[in-house]
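Put together the whole structure using the sequences plus the hints.
Going down the list, the sequences are from chains A and B. Residue 119 in UniProt numbering sits at position 119 of the first sequence; the count goes up by one each step and never skips. Residue 430 in UniProt numbering sits at position 430 of the second sequence; the count goes up by one each step and never skips.
Keep in mind that the hints are not guaranteed to be accurate.
[Claimed, not checked] DMTMM-like, lysine to aspartate or glutamate: derived pairs with alpha carbons at most 20 Å apart: (1) A:LYS42 x B:ASP443; (2) A:LYS42 x B:GLU60; (3) B:LYS219 x A:ASP89; (4) B:LYS122 x B:ASP233; (5) A:LYS124 x A:GLU200; (6) B:LYS367 x B:GLU308; (7) A:LYS42 x B:ASP465; (8) B:LYS108 x B:ASP142; (9) A:LYS213 x A:ASP202; (10) A:LYS42 x B:ASP142; (11) B:LYS367 x B:GLU426; (12) B:LYS104 x B:GLU89; (13) A:LYS42 x B:ASP390; (14) A:LYS60 x B:ASP131; (15) B:LYS500 x B:GLU489; (16) B:LYS108 x B:GLU60; (17) A:LYS42 x B:GLU426; (18) B:LYS365 x B:GLU324; (19) B:LYS104 x B:GLU195; (20) B:LYS365 x B:ASP501; (21) B:LYS500 x B:GLU308; (22) B:LYS104 x B:ASP233; (23) B:LYS219 x A:GLU85; (24) B:LYS237 x B:ASP521; (25) B:LYS108 x B:GLU118.
The set of hints was computed from the structure by calculation and includes no laboratory data. As the structure is a prediction and not an experimental result, all values here were calculated from the model.
Here are the chains, one letter per residue:
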Amino acid sequence: MAGYILRRLLQAIPVLLGTTFLIYFMVFAMPGDPVVALFGDKTPPPQVLEAVRERYNLDKPFIVQYLLFLGGIFRGDFGISFSGEPVSDILARTFPVTLQLAAIATVFLAVGGILIGLISGLRKGGIFDASALVVSLILISLPIFVVAFTAQYIFGVQLGWFRTTVGSGAPIQDLILPAMVLATGSFAQIVRLTRASVIETDGQDFVRTAASKGLSRRRIVPVHILRNSLIPVVTYIAVDFGVLMVGATVTEGIFNVPGVGRTLYQAIIRGEGPTVVSFVTVMVLIYLIVNLLVDLLYAVLDPRIRYVK
Amino acid sequence: MKIKRIGVAAIALAAAGALTLTGCTSGSPSSSGAAGDSSAIITTNGSEPQNPLIPTNTNEVGGGKILDAIFAGLVYYDAKGAVHNDVAESIESDDAQNYTIKIKPDLKFTNGDPVNAESFVKAWNYGAALDNAQLSSYFFGDIEGFSLDENRPELSGLKVVDDLTFTVALVQPESDFPLSLGYSAFYPLPESAWEDLDAFGENPVGNGPYMLDGEGAWKHNEEISLVTNPDYDGPRKAQNGGLDIIFYASQDASYADLQGGNVDVVDQIPEAALASYADEFPDRSVNQAAAIFQSFTIPARLPHFSGEEGQLRRAAISMAINREEITDVIFEGTRTPAHDFTSPVIDGYSEDVPGSEVLEFNPEKAKELWAQADAIAPWSGTFQIAYNADGGHQGWVDAVSNQLKNNLGIDASGNPYPTFAEARTEITNRTIQTAFRSGWQADYPALFNFLGPLYGTGAGSNDGDYSNPEVDALLKEGRAETDIDAANEKFQQVQEILFKDLPAVPLWYSNVNGAWNDTVDNVEFGWNSVPLYYQITKAAE
Numbered sequence: 001m002a003g004y005i006l007r008r009l010l011q012a013i014p015v016l017l018g019t020t021f022l023i024y025f026m027v028f029a030m031p032g033d034p035v036v037a038l039f040g041d042k043t044p045p046p047q048v049l050e051a052v053r054e055r056y057n058l059d060k061p062f063i064v065q066y067l068l069f070l071g072g073i074f075r076g077d078f079g080i081s082f083s084g085e086p087v088s089d090i091l092a093r094t095f096p097v098t099l100q101l102a103a104i105a106t107v108f109l110a111v112g113g114i115l116i117g118l119i120s121g122l123r124k125g126g127i128f129d130a131s132a133l134v135v136s137l138i139l140i141s142l143p144i145f146v147v148a149f150t151a152q153y154i155f156g157v158q159l160g161w162f163r164t165t166v167g168s169g170a171p172i173q174d175l176i177l178p179a180m181v182l183a184t185g186s187f188a189q190i191v192r193l194t195r196a197s198v199i200e201t202d203g204q205d206f207v208r209t210a211a212s213k214g215l216s217r218r219r220i221v222p223v224h225i226l227r228n229s230l231i232p233v234v235t236y237i238a239v240d241f242g243v244l245m246v247g248a249t250v251t252e253g254i255f256n257v258p259g260v261g262r263t264l265y266q267a268i269i270r271g272e273g274p275t276v277v278s279f280v281t282v283m284v285l286i287y288l289i290v291n292l293l294v295d296l297l298y299a300v301l302d303p304r305i306r307y308v309k
Numbered sequence: 001m002k003i004k005r006i007g008v009a010a011i012a013l014a015a016a017g018a019l020t021l022t023g024c025t026s027g028s029p030s031s032s033g034a035a036g037d038s039s040a041i042i043t044t045n046g047s048e049p050q051n052p053l054i055p056t057n058t059n060e061v062g063g064g065k066i067l068d069a070i071f072a073g074l075v076y077y078d079a080k081g082a083v084h085n086d087v088a089e090s091i092e093s094d095d096a097q098n099y100t101i102k103i104k105p106d107l108k109f110t111n112g113d114p115v116n117a118e119s120f121v122k123a124w125n126y127g128a129a130l131d132n133a134q135l136s137s138y139f140f141g142d143i144e145g146f147s148l149d150e151n152r153p154e155l156s157g158l159k160v161v162d163d164l165t166f167t168v169a170l171v172q173p174e175s176d177f178p179l180s181l182g183y184s185a186f187y188p189l190p191e192s193a194w195e196d197l198d199a200f201g202e203n204p205v206g207n208g209p210y211m212l213d214g215e216g217a218w219k220h221n222e223e224i225s226l227v228t229n230p231d232y233d234g235p236r237k238a239q240n241g242g243l244d245i246i247f248y249a250s251q252d253a254s255y256a257d258l259q260g261g262n263v264d265v266v267d268q269i270p271e272a273a274l275a276s277y278a279d280e281f282p283d284r285s286v287n288q289a290a291a292i293f294q295s296f297t298i299p300a301r302l303p304h305f306s307g308e309e310g311q312l313r314r315a316a317i318s319m320a321i322n323r324e325e326i327t328d329v330i331f332e333g334t335r336t337p338a339h340d341f342t343s344p345v346i347d348g349y350s351e352d353v354p355g356s357e358v359l360e361f362n363p364e365k366a367k368e369l370w371a372q373a374d375a376i377a378p379w380s381g382t383f384q385i386a387y388n389a390d391g392g393h394q395g396w397v398d399a400v401s402n403q404l405k406n407n408l409g410i411d412a413s414g415n416p417y418p419t420f421a422e423a424r425t426e427i428t429n430r431t432i433q434t435a436f437r438s439g440w441q442a443d444y445p446a447l448f449n450f451l452g453p454l455y456g457t458g459a460g461s462n463d464g465d466y467s468n469p470e471v472d473a474l475l476k477e478g479r480a481e482t483d484i485d486a487a488n489e490k491f492q493q494v495q496e497i498l499f500k501d502l503p504a505v506p507l508w509y510s511n512v513n514g515a516w517n518d519t520v521d522n523v524e525f526g527w528n529s530v531p532l533y534y535q536i537t538k539a540a541e
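And the structure:
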């Protein structure tokens, strides 16, 4: 087990090097000079442009810039943003916010989606199943910004149940509405996946055996059906959590969440190479770790799965 | 842009039934103009500063709004853009070239450091030195000793006479120099700033009506909390307890917060709400021309656009554009058709500068002029206007192109660049081979600021490389006048020439669009489109 984890972590190193190089190159190759854009519609003297470029190492060739950046990372120095803030501070500030948001969204997703999916699966073809299908189809076909704007207007502006945007410090109660909006994105998938999985498990021999042993339905559903149906669902939720973690740019923008997506978007627009690459590096790391955790989770859910060296 | 429109249309449908309620949704009833609570905090919108909060290194609105609140310069601008002394006791000059500046006695920064001649001179020297790479360094370009070729830690034109007096020697007469001294680049810095300027940029210490609410008041990407500076006793004394500037990533978010009552005043309205905000916030909104001039520049190097042929074609293009129609239909009346090259909020502005008829819609005359130009050299090709696609410009560029097509019978189209950075880089490098969108937001309220930097030969922002010796001479004469009215007369003569040459085709002035909740009173917007926060009052909760 430990060996397996170690090997997976070692595999992450070339992946990280490759992605940072690619992203750095792409930011570098973006047309337009970010320093010129700093001055808006005004044109400063070329000497001033040169001096500013020098300050951010933007005057050096690409490979030198990249190596300087990489060297910095190994010393724990992610560079500084145009606003003079160390990028490591920005990372430390924004990732916890997005982590909370993603976690709340995942809870909504998992609890709501699995519950509805389970009931639908157990009462296949009934009224509940049919209406769950309709609602989830509607949700799946609406773009997220429509859901976000509508939710913000109805629950924030009209009913006043939630703050319209996320206040300073991103308190949990402010994150509930954006998290619910985020959850709608994958809600339908979870419902459909759980439903199909439950129906399949319900027809398995071991469920019939359990029933003929005289076990109550109350015991069969959670222990025998649900647990065995969860493997594909858990995979999906975990991968989805990874996606949520790396930022929900649109939702964060609409609800003014000071998280990863919004910050990264701003950095891309401003052409701040170090900020963009540092964010992406951490995102890749998160994605790799989440995937590793998913693989490990299989063993917990299904004791038949074992990891070999 | 598309995202916003579609999104909001969907809401309009979803909430159609609820709209009648909006009039009475927001918060507690107002105290109908009664004196506000002097400890109430005003909340407003802003954006994360792009640079550390150092006056000479801030050139964008996000940081500028904060600096203007926490610093007091030698002068300040009232709502009409008129200049009054703030920290300065007097600013005097006999020749518009050598100035003697006296500072009011006993002024202090919020950390106790005195505000004296040194605080200005040191800050300006730092801002001007090449090695410090300050974004606003070129504002000191006309002070004697300024150099772009070598690093000079001190400007020879700045001399401290005594504790409260210093002199400024300029390289040439500039009558509008005192007008520019309210711009943030000219703010003073306390002695303590020099110990660690990086730390200062994070927790700046000023001498203005507000100050940071302790260490860490700047919560990056979230908000900055300012409280009233009890020691400030100047003309901008705050009538409230402080200012919370919330950083919004989008205009939609700030508008939703205004509707939801989470923010008191906003100075931006999202495109989707432009048609409705005045009804939704009756008597609590503004839509007035601002000191922002929009145009498109036709570089002199383009074929067919120089000499007499060029003048005819430029005039024809200008007359073929129906500015009223575009500002009404595309901008919902939130732009004001241009009558000159400056802005109506600037002292000395006139709607009737001779030659300004060329900005009136006149398709017959336009066709006639275009035909005359064709007689000199026949037209071929497409007339294109370059713009950055990330700035919401496509609508008007397409409209202008269509009008040119219909009224001149030529092929015309927009030429989009994906990002602002890309468009600006091509413009700065002179690699752009079409006309291009151009705009100017004044740094300080003076006619010259709209003309000199843009149309003087070799001037910094003369991106179309326009050059006319007559214009240069008049600009110089105007600046040498010690009387501002006499100076403005010269500048209007400059405009008369510009109407003939049309180096840029004026389109419209951007308006300031803002609204506020009934929790606050006395909201007035300044010449630079920012609310005069210090005079806003808010009833006790």
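Status of each hint after checking the structure:
Note on A:LYS42 and B:ASP443: the hinted pairing holds, with a Cα-Cα distance of about 11 Å set against a maximum of 20 Å. Using a Cα cut-off of 20 Å, the hinted pair A:LYS42 and B:GLU60 holds, with the two alpha carbons roughly 11 Å apart. Using a Cα cut-off of 20 Å, the hinted pair B:LYS219 and A:ASP89 holds, with the two alpha carbons roughly 11 Å apart. Restraint check for B:LYS122 and B:ASP233: not satisfied, since their Cα atoms lie roughly 24 Å apart, outside the 20 Å limit.
At most 20 Å may separate the alpha-carbon atoms for a hinted pair to count; A:LYS124 and A:GLU200 meet this at roughly 11 Å. Taking the CA atoms of B:LYS367 and B:GLU308, the gap is near 16 Å; set against the 20 Å cutoff, the hint holds. For the given pair, A:LYS42 sits about 14 Å from B:ASP465 by alpha-carbon distance, which is consistent with the 20 Å threshold. This hinted pair does not check out: B:LYS108 and B:ASP142 have alpha carbons roughly 29 Å apart, beyond 20 Å.
Simply put, A:LYS213 and A:ASP202 have alpha-carbon atoms about 15 Å apart, close enough for the 20 Å limit, and the pair holds. A C-alpha spacing of about 17 Å is found between A:LYS42 and B:ASP142, which places the hinted pair at or below 20 Å, so the restraint holds. A distance of roughly 31 Å separates the Cα atoms of B:LYS367 and B:GLU426; the hinted pair therefore is violated under the 20 Å criterion. For the hint pairing B:LYS104 with B:GLU89, the CA-to-CA distance comes to about 5 Å; that is within 20 Å, so the pair holds.
Annotation: proposed proximity of A:LYS42 to B:ASP390 holds, straight-line Cα distance about 18 Å (limit 20 Å). Of the pairs offered as hints, the one joining A:LYS60 and B:ASP131 holds, with about 17 Å between alpha carbons and a cut-off of 20 Å not exceeded. Among the hinted pairs, B:LYS500 with B:GLU489 is consistent with the structure: their alpha-carbon atoms are about 18 Å apart, no more than 20 Å. With a C-alpha separation of about 27 Å, the suggested pair B:LYS108 and B:GLU60 falls outside the 20 Å cut-off, and the hint is violated.
Between A:LYS42 and B:GLU426 the alpha-carbon distance is near 13 Å, which keeps this suggested pair within the 20 Å criterion. Between the alpha carbons of B:LYS365 and B:GLU324 the distance comes to roughly 18 Å, so the proposed pair stays at or under 20 Å and holds. This hinted pair does not check out: B:LYS104 and B:GLU195 have alpha carbons roughly 25 Å apart, beyond 20 Å. Between B:LYS365 and B:ASP501, the direct Cα distance comes to roughly 17 Å. Compliance with the 20 Å bound is thereby established for this hinted pair.
Straight-line distance between C-alpha atoms of B:LYS500 and B:GLU308 comes to about 10 Å, which keeps the hinted pair within the 20 Å bound. As the CA atoms of B:LYS104 and B:ASP233 are separated by approximately 11 Å, the hinted pair is consistent with the 20 Å bound. A threshold of 20 Å between alpha carbons decides the hint, and for B:LYS219 with A:GLU85 the separation of about 11 Å falls inside it, so the pair holds. The straight-line distance between the Cα atoms of B:LYS237 and B:ASP521 is roughly 16 Å, inside the 20 Å bound, and the hint therefore holds.
As the CA atoms of B:LYS108 and B:GLU118 are separated by approximately 13 Å, the hinted pair is consistent with the 20 Å bound.
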